[in-house]
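J.: Chains as they are written, first to last, in this note's numbering: chain B, 42 to 493; chain R, 42 to 493; chain Y, 77 to 568; chain V, 77 to 568.
Any given hint might turn out to be false.
[Claimed, not checked] Simulated crosslink set (DSSO-like; lysine-lysine; CA at most 27 Å straight-line):
#1 V:Lys159 to R:Lys103
#2 Y:Lys553 to B:Lys103
#3 Y:Lys159 to B:Lys194
[As the list claims (entries may be wrong)] Only part of the chain Y face toward chain B is listed, based on derived beta-carbon distances under 8 Å:
#4 Gly115
#5 Met163
#6 His170
#7 Val232
#8 Arg294
#9 Met407
#10 His418
#11 Gly422
#12 Asn435
#13 Ser462
#14 Lys464
#15 Ala467
Hints listed in this document are in silico derivations from the structure and should not be mistaken for laboratory results.
Heads up, the beta-carbon is just placed ideally off N, CA and C, and yes, glycines get one too.
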Amino acid sequence: MRYLPLTDGDRQAMLATIGAASIDDLFVDVPAEARLAGTIPGLPDHASEMAVERHMAALARKNLSAGEAPFFLGAGAYKHHVPASVDHLIQRGEFLTAYTPYQPEIAQGTLQVLFEFQTQVARLLGCDVANASMYDGSTACWEAIGMARRITKRGKAILSSGLHPHYVSVAQTMAKFTGDELAYATPELDSECDNSKLIAAIDKDTSCVVVQYPDILGRIEDLTALADAAHTAGALLVAVVTEPVALGAIKAPGAMGADIVVGEGQSLGVGLQFGGPYLGLFACKQKYVRQMPGRLCGETVDAAGKRGFVLTLSTREQHIRREKATSNICTNSGLCALAFSIHMTLLGEKGLRQLAGLNHALACQAADRLAKVPGVTLMNDSFFNEFTLILPTDAREAVRNLADRGILAGVSLGRLFPTAPDLANGLVVAVTETTTAEDIEALAKALEEELA
Amino acid sequence: MRYLPLTDGDRQAMLATIGAASIDDLFVDVPAEARLAGTIPGLPDHASEMAVERHMAALARKNLSAGEAPFFLGAGAYKHHVPASVDHLIQRGEFLTAYTPYQPEIAQGTLQVLFEFQTQVARLLGCDVANASMYDGSTACWEAIGMARRITKRGKAILSSGLHPHYVSVAQTMAKFTGDELAYATPELDSECDNSKLIAAIDKDTSCVVVQYPDILGRIEDLTALADAAHTAGALLVAVVTEPVALGAIKAPGAMGADIVVGEGQSLGVGLQFGGPYLGLFACKQKYVRQMPGRLCGETVDAAGKRGFVLTLSTREQHIRREKATSNICTNSGLCALAFSIHMTLLGEKGLRQLAGLNHALACQAADRLAKVPGVTLMNDSFFNEFTLILPTDAREAVRNLADRGILAGVSLGRLFPTAPDLANGLVVAVTETTTAEDIEALAKALEEELA
Amino acid sequence: LEEKLIFEIGSTDTTGVDFADAPQAASRLGSLARTDGIGLPGLSEQETVRHYTRLSRQNYAIDLGLFPLGSCTMKHNPRLNEKVARMPGFADIHPLQPQSTVQGALGVINELAVWLITLTGMHGVAMTPKAGAHGELCGLLCIRAALEARGDARQVVLVPESAHGTNPATAAFCGYKVEDIPATPDGRVDLEALKARLGPDVAAVMITNPNTCGLFERDMKVISDAVHAAGAFVYCDGANFNAIVGRVRPGDLGVDAMHINLHKTFSTPHGGGGPGSGPVVLSEALSPFGPLPYTARMADGTIHLIEEDNVGEEMPQSFGRMSAFHGQMGMFTRALTYILSHGADGLRQVAEDAVLNANYVLRSLEDVLDAPFGASGPCMHEALFSDKGLAEGFTTLDIAKGLIDEGFHPMTMYFPLVVHGAMLVEPTETESKAALDQFILALRSLAERAKAGDEALKGAPYHAPRRRLDETLAARKPVLSWSEPDLADAAE
Amino acid sequence: LEEKLIFEIGSTDTTGVDFADAPQAASRLGSLARTDGIGLPGLSEQETVRHYTRLSRQNYAIDLGLFPLGSCTMKHNPRLNEKVARMPGFADIHPLQPQSTVQGALGVINELAVWLITLTGMHGVAMTPKAGAHGELCGLLCIRAALEARGDARQVVLVPESAHGTNPATAAFCGYKVEDIPATPDGRVDLEALKARLGPDVAAVMITNPNTCGLFERDMKVISDAVHAAGAFVYCDGANFNAIVGRVRPGDLGVDAMHINLHKTFSTPHGGGGPGSGPVVLSEALSPFGPLPYTARMADGTIHLIEEDNVGEEMPQSFGRMSAFHGQMGMFTRALTYILSHGADGLRQVAEDAVLNANYVLRSLEDVLDAPFGASGPCMHEALFSDKGLAEGFTTLDIAKGLIDEGFHPMTMYFPLVVHGAMLVEPTETESKAALDQFILALRSLAERAKAGDEALKGAPYHAPRRRLDETLAARKPVLSWSEPDLADAAE
């Protein structure tokens, strides 16, 4: 086996040192009836690198990849161009094959990256501090609800109808067990968000209001009034950002008063990857830092007085605090955080603003063109790079038919909200810098034919 | 521009330090009429990474890659499976973006690799010493002829008809200018090599006999008698190996008396790449080392007594010796040598022998199957992983037709020897560990249909 | 070896990326256009490559040497896995694409699921959990859902003292009360104490097997039977599955749920702290309660995705979604690649060599380092030592930091908690005998120095990018993000 | 920082590669089966990754810092180039595939050819040469072929003293007699001396422009005219094209042949000593004589390959093949990717920034280091200093080795030969002002130390993987391959 360096000679010599007659002697503690005599039946034996690569390549070819088709899917995962240098750098063995930086003397590379990442995320989201990453946006969102409960000592969270339904679903799963109460309704096909309804719903039991920005239908609205209303009632505002590129063009939630801002960082550096691994972003106001879940990297000095970085405030964490921890999270998304941070460094503020501007301009072009397809209505007044079309027919069916023609047309609301027939004709279309004028035209033409 | 870090502010500040009013002032030495005022007409301006990647990908898609088709081409370039770790390692920035190791204190990585490479190559080819690489097999072959001239002070080289015709062509090009005389004839479609004819041709003016092993038609023959005959006449035997994997299965030329052994190292680690960059191997007996062309890495110690490596014997080289150098070569194939060396280290002797055995066994299977195609004759009695079929028709035409059916059937002798009509029906077929039973069957079937 | 921060070298006017010009279009951003300076510095591509290349060189990594972190299973990460994960057919597909366009991806999930079920002898598997701790959560949610389905709202989860911190944290995170189970003097779960505590309020017992002392829980089957008899479920922390893969099926021992860290047993890279992946294999009793989305192969060979819209017919008892999409697909492709490379025979060899290597370390060092459970028999995949016998004032920490100067990563220290000054060494099966011999030599020499009271050891490491770092300062006065020096000064 | 050799750590029984079992087949190897031990050690994949990862860390590289090697143009190597070169459509095609199956590859060659011709203002280009020196060979072969075609067997090539060593070596390698041309005190070719030497025996003049002193040959056009008038050809060494790309076309200056180092001007990686690539642009007079294979775009848009079988109709005067296949395809894809990224405007900026950076270095240091031609005006892309003014016994070597301790690669030293103790600094356009400022500071401090006679400098480097190495020992008693220690001892 190419990954196992021991030779049979080594094994014999080592058994002799140990004083065991055979490998089996080392497994004596396993009850005899559970000790398998041979290989597990029904599974193939080892294979050459070439054979495995061919098998996996054959599976890969059964997928239609985003780069092979006009592609308009978003709804929480976005196709952006990732510079080649990002992937080159994250493959450096010293990053890729390092462990969690618990030994800071020999992990300054990872630690400094995390410190830089935390700073970038905090600034992007408009907050004071950010942690070193969570699993993804949806789990970060639930962690924020739990954190709001700990801070406010209240158990009722109000979820905006514009929150990604899968994020809602994750929160509902957890709330069943923790006893949190979640107020939520599916969205309406309206150009306005439900902020006024949310404000009306806030009461003295409310731990937090959770609002997505831009929301699942692509709408963007000012959060200031919502934040004020929450704060007045002693509740927190949790903002969720699933498309961080947007924040190169629109105001940061933190700047509009959000207390906790979480997000999905996949857009920068990480890639689509069929949904994972992704990158949970988590930031908040300074005063709440000790209630934060997840790892934090902090600056300090070494014995010689040199600046250095360490994981810190770990008394919040499970490996120290056990059942009293702020979260059970251990392994997070370190390598994805690295990729995000490198991509952000390559962009810089200048590049991020250009990228965001290009996304928005192309989305406007696409919206204008697609709204001209007979029978199709553009729902949004406001949007960043994603908007909702209302088709004269079931959008889920249309998406499947367009896929058969080689066009990945967007995410149907029927896929996202299968139990809400009112939304069935909605189609969420995302446009990024990777979208060409030809792609837009191809979608428009195909939609015209599909709806004819 | 993403690769140019100076900002306009930097440029102004730097011009001020220099004391120049504008960039143009720095180009004053260029005659005014040659100084272009604007960009060169007829060329596009800069493009985003994404746009360039798309353009190049579109070009790449216009090629039928070896992995996409049953593939049987050889004749000096072979498709082998290269372990993924090879490419990972050669992309380490410290290898990829280093310069020639003229500053040994900060180039021990490259230098130790070259020392290991030289040792591996010398052992594989059965010689005492090897250099740190040449451009490719064909230029190494010419360098060997020149080296034999310097050693023997004779100007006539006898080239075997089994030598790759492109290698012959390179030698003929150079000989036109250096005045070397080259004896050469195109091969015959015979199961035996022309060793006896070569022996007969050796005379007192002969600097060297150049013989390929396995030869261009795939034949392998013992070189001992040839070496003895050359040595008796005061000439050298130069052996050329275009498929180094063969030497895991068959005797090394050095062990049969060859004085200089050169080769193409592409098979290990390097990949097909449409013909370049490749890797010239060059090894010889110890006594000729000071007549060798190319860089050499040698062991030494540093000021603290630690073992270290340096480029050495550079008085043979152009940057010291100028017009009296043993060659004009400067940049060689350093990174390809690294890839070769890593691949060889992964294989080790055990793996190399397995690889060679698998190549040979599959080639035998393929030869047996293809010889059953009606009208097709197997020319070879002996071969390693490549053999010649004699078709009842022009093989060049057949290869083109099979390509239209998606099968890359081999190299026709008409492509290699366009001026030798006697060879027109010959087809050289190479088989490696990447060839499957399905590939062989697909070729056999397609050939049956083509010849029907 | 000091590398400035991007905030100190970059500028908001510099970028390492070019874009095509944006087409003219009327903005739909309304009054929300961002006008403030964000404060994100950029670097050119070369500066970027340099910054991160230099930073990387301040890390230790498996690619540089042996990484004996007990319980973390720092084994070799094959490069084929990385290559496969980057095939566009895997890397560049969206989680919400129509099923007809992602049959290969669903096939990977399904194929890996079959392997995990077969290797563990279990009934089903939940693929979505995103790391080991997330898998624990999944397992406990299944257990809770199963209990609630039978109207049995038990509130207590029993956890051995030696458990990973994630175990009690997870139980608490989903609303359970956590109680400890003591250990026996030979480092295993105290069966009698456990039995005594079992009762109608106990929902589950969480056991790590092989446990965090590196020992196999000999009584596992008896424990399972007792737990089941008491109406509770057995959760097994599978962090140490590497020791038994291919040789022992947890399903044969009565386990109801076990997470598998793909980044431990199945070689996906740790990446400096993730991403991990923690699929959970489930017994027949728990399988109906697993999370969405779920994949299943249909009679016609297509792979079918169970989500909210068809969950009613297909998996009506599912506890719901626990992350937005399908789980760690990028880790699935790597793990499946690794599994297919080894096959059933190779994986068995993995366990054998992992255990052999650990016992070799144990027996080669027990004369100089106290091995608290060394006398009770062989260890599994990790060797546990304690600080007993070190000179006054010398600690496990000193030995750990001393290892850095010898060119190794420290072992796991001060864990498990049941052993004083624990040093937990897990060499893994991908280390050669030569590498082990070097490591043993280094650790022997450090043990001898710590016993002899060599004061120099207390200052180690000397030859690392940094000397010991002041963690107290970091926690007392947390600086968690960078700010302009003058602003920071002004704030003091 | 010592890494053993593979021969010291590997064994011939170990392998890091698995193969399928070979099918049974009767051997066709006859009596030639290799039975001796070859002596090639193997390592497992993990050991292999570690060995080469650790070795790599003993190298300096552009990815780590500024690399001011004059004439070598160590600029940033964009990672997109690497990605593109690895696309299977480029990396995995055979040079002898039928033309219909490689139209994309031939298209790359043709597209790059058009760029090179247009950027240089020349008539044709030979793409096959495999490095700069190979390109020189190609150019001289064209010249010789052209002269022979007119029955004019000239035997002398004139080369300036300041030329790269490859120039005289190449001329000699293809049978020419080499004669030097002297330099003027301002570091340029002595026009009068050149004119005086021109005559019917002179085949060509080889000139580097910008020259190796970093100066533009102001008289280039005059020289070309004089050379042409004498019936000879002008070969231009294009190693320094980086300084003028996009701003000056060598074709406008009367050049007949010039090689272009794709690894210098067009950013393909140096790879620790290659592979390079050296296409040669040719004037109308020389184009008919270029090497095979040649590519040409047909009226129907297909790219057509000219090889031996059609050379008679298409290029009857070709001097033939100079390497087996099409040249450095892998470098063509990288160079074309780079060129398209920059475009005509970006390439012009390349030259401007390269020249600006060099002049900034020159003017920032000429107060502490002697700049022999500093007074004559601006330099081009490299700044030349001499050892004049250093304290007795201190040399250019000391400053170069001192730079290593400051974290930089040394500059080119003792070249060009026309300046005593030359230090040739080429920062390239991909360095930021901040990086230059750091470098200037370091070099300034070293210059001051060498002038003050700081003895410590003579021992530099102190902070590198090795101290100064004994090159004399290496050459006197060459050890060029590894042998078992006992065998080596016995041989002494």
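J.: List in ascending order the numbers of the hints, as given earlier, that are violated by the structure.
T.: 2, 3, 7, 13, 14, 15
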